[in-house]
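Asks: Residue strings, one per chain:
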Amino acid sequence: MRAFMTMIYRQIKRFWRDRSRVVGMMINPLIWLIFFGLGWSKLFDFPMAKKLFMGFDYLSFFAPGVYCMTIFLNGFTSGLSVIWDKQFGFLKETMVAPSSRKSIMAGRIVGDATISLLQGIIILVLTLPLTDMKIHGFFPALFLGFLLSISISSLGVCISIRMNSIEGFQLIVSVLMLPIVFLSGAVYPIDAIPDYIKVLAY
Amino acid sequence: MEEYAIVVDRLTKKFGSLIAVNHVSFKVRRGEILAFLGPNGAGKTTTINMLITLLKPTSGKAYVAGYDVTKEPEKVRKKIGVVFQDSTLDTNLTAYENLYIHAGIYGYRGYRLKEKIMELLKFVELENFKDKLVKNFSGGMMRRLEIARSLIHRPEILFLDEPTLGLDPQTRTHIWDYIVKLRDRYNMTVFLTTHYMEEAENLADRIVIIDHGKIIADGDLDKLKEMVGKDVIYVRFDKEINQIEWDFVSYCKKLSDGRIEIGTKDASRAIPKIFKEASKRGLNILEISYYKPTLNDVFIHLTGREIRDERSTNSNMRRKR
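Protein chains in written order, with this note's numbering: chain H, 1 to 202; chain E, 203 to 523.
Keep in mind that the hints are not guaranteed to be accurate.
Only part of the chain E face toward chain H is listed, based on derived beta-carbon distances under 8 Å [what the hints assert, rightly or not]:
hint : residue
1    : L256
2    : T260
3    : F286
4    : F477
5    : E479
Example chain E residues on the side facing chain H (calculated, C-beta under 7 Å, incomplete) [what the hints assert, rightly or not]:
hint : residue
6    : V284
7    : D292
8    : I307
9    : G312
10   : R314
11   : R461
Treat the hints as calculated values from the structure; they're not laboratory data. Glycine included, every Cβ here is placed at the ideal spot set by N, Cα and C.
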């Protein structure tokens, strides 16, 4: 248990130390939101548009998507840190520790998931005034975001365990990422895509 | 069992068809500094990795601190401290945080922890750098910090894989001091691998030489040197003499340049005797020098080649990396 907590502490501390990462990770979703979201929301500013997006204006439809996307993008860095630690030896260091390796891995995952969830929350709070999202939806969103961050971090770790280079990992992530983002229904309603692609989404 | 910290019995590791470690057996007494000496690629790191439970042996047995490394790896891990060949520090964290996180992963916590970390930082003389990021440290400082880190959980046995690789001579002697201090202060057993002859010579109580995955010699420095032969003294007297028959001389030979080569068991004791005998016979000594066989001679004697050849090419490779 102590090892678990320590790993969480380490992951968060490391992240916090790396200010460029703190800032950089926030910028990506903001770019999506501002350049993509605002642009399209102007375009969809006609009476029928709300119907297209399940009764919301486009920004309100898109903002939760960006929330998830933030968690999603950042969650994968968990895998990145495994490769990083592999290359710099910290992984070996934890392997010779008497604590269970499962709890060390779990601590790492939860630590990274917490980071990505926090970033998601920042995005969510930032978008709140721009959209007609409701405050009482915050906690369900938090819960879903938590599940998402844990699962993505775990997925990242699973992939990274088999990988040895950061470049290779990034390649896999980028191959996985775009389809997942588009098929998730974050950008447009899933109903809008043809049936044969819809199969992939589910 | 208690007398020995490490017992290794016919330990073998194969990687595919390559036999990295081949039926290696040795024992390490408690409180002993053992140097595992051999050229790169001899199987040193593979052996250490099996002993610290990172690699499963293909066959054979190894007991560390009384526990079987394959059956009770967790118990072994509790008793050992490891300093790896390449740095495993978290360079984005400070010296203190590195030790703190290590302690946490080993399950330590509480108010005494801080004291302990400070004590260890003081031991390696890094207490003034405790809040500095490790990425700004020099190679020697990193090594010292790693040694401190490996000591947090008070291990019984310390494993050091090439502890002074790539460090300058001054820093190296500094690190040796710490290792000796550790043994003296905590009666710690130290298992270190190295390909530096001087390191094994200066530091180790016992030396095990490994080459191509096989142990080719095992013993203390004197015993190993005896394998090569005797110390040699070269003297030049002011008068020609043809034969010396003193009881401590095992052989003597006249060299073409007029010097006399004297073979003896222990040169440092023989030299004063030579002075005494010479003055008794009214001879003046113009020149005297002696040669003691080095570990390098032992290695050449055993393998027919120098350990250094491989070292130089390898350190070049390392630099490129």
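Asks: Now tell me if each hint is right for this structure.
Replies: Hints versus structure:
The closest approach between the C-beta of L256(E) and any C-beta of chain H is roughly 6 Å, which is under the 8 Å cut-off, so the hint is satisfied. At about 19 Å, the closest approach between the beta carbon of T260(E) and any beta carbon in chain H exceeds 8 Å, and the interface hint on this residue is violated. The beta carbon of F286(E) comes within 6 Å of a beta carbon in chain H, closer than 8 Å, and the hint placing it at the interface holds. Below 8 Å, beta-carbon pairs count as interface contacts, and F477(E) has none with chain H, the closest being about 55 Å; its hint is therefore violated.
About 58 Å separates the beta-carbon of E479(E) from the nearest beta-carbon of chain H, more than 8 Å, and the hint is not met. The closest approach between the C-beta of V284(E) and any C-beta of chain H is roughly 5 Å, which is under the 7 Å cut-off, so the hint is satisfied. A hinted interface residue such as D292(E) counts as satisfied when its beta carbon comes closer than 7 Å to some beta carbon of chain H; here the least separation is about 6 Å, so the hint holds. At its closest, the beta carbon of I307(E) sits 5 Å from a beta carbon of chain H; the interface hint therefore holds under the 7 Å criterion.
Below 7 Å, beta-carbon pairs count as interface contacts, and G312(E) has none with chain H, the closest being about 10 Å; its hint is therefore violated. At its closest, the beta carbon of R314(E) sits 14 Å from a beta carbon of chain H; the interface hint therefore is violated under the 7 Å criterion. With its C-beta approaching chain H no nearer than about 53 Å, R461(E) sits outside the 7 Å limit, and its interface hint is violated.
Hint violations for this structure: numbers 2, 4, 5, 9, 10, 11, all remaining hints satisfied.
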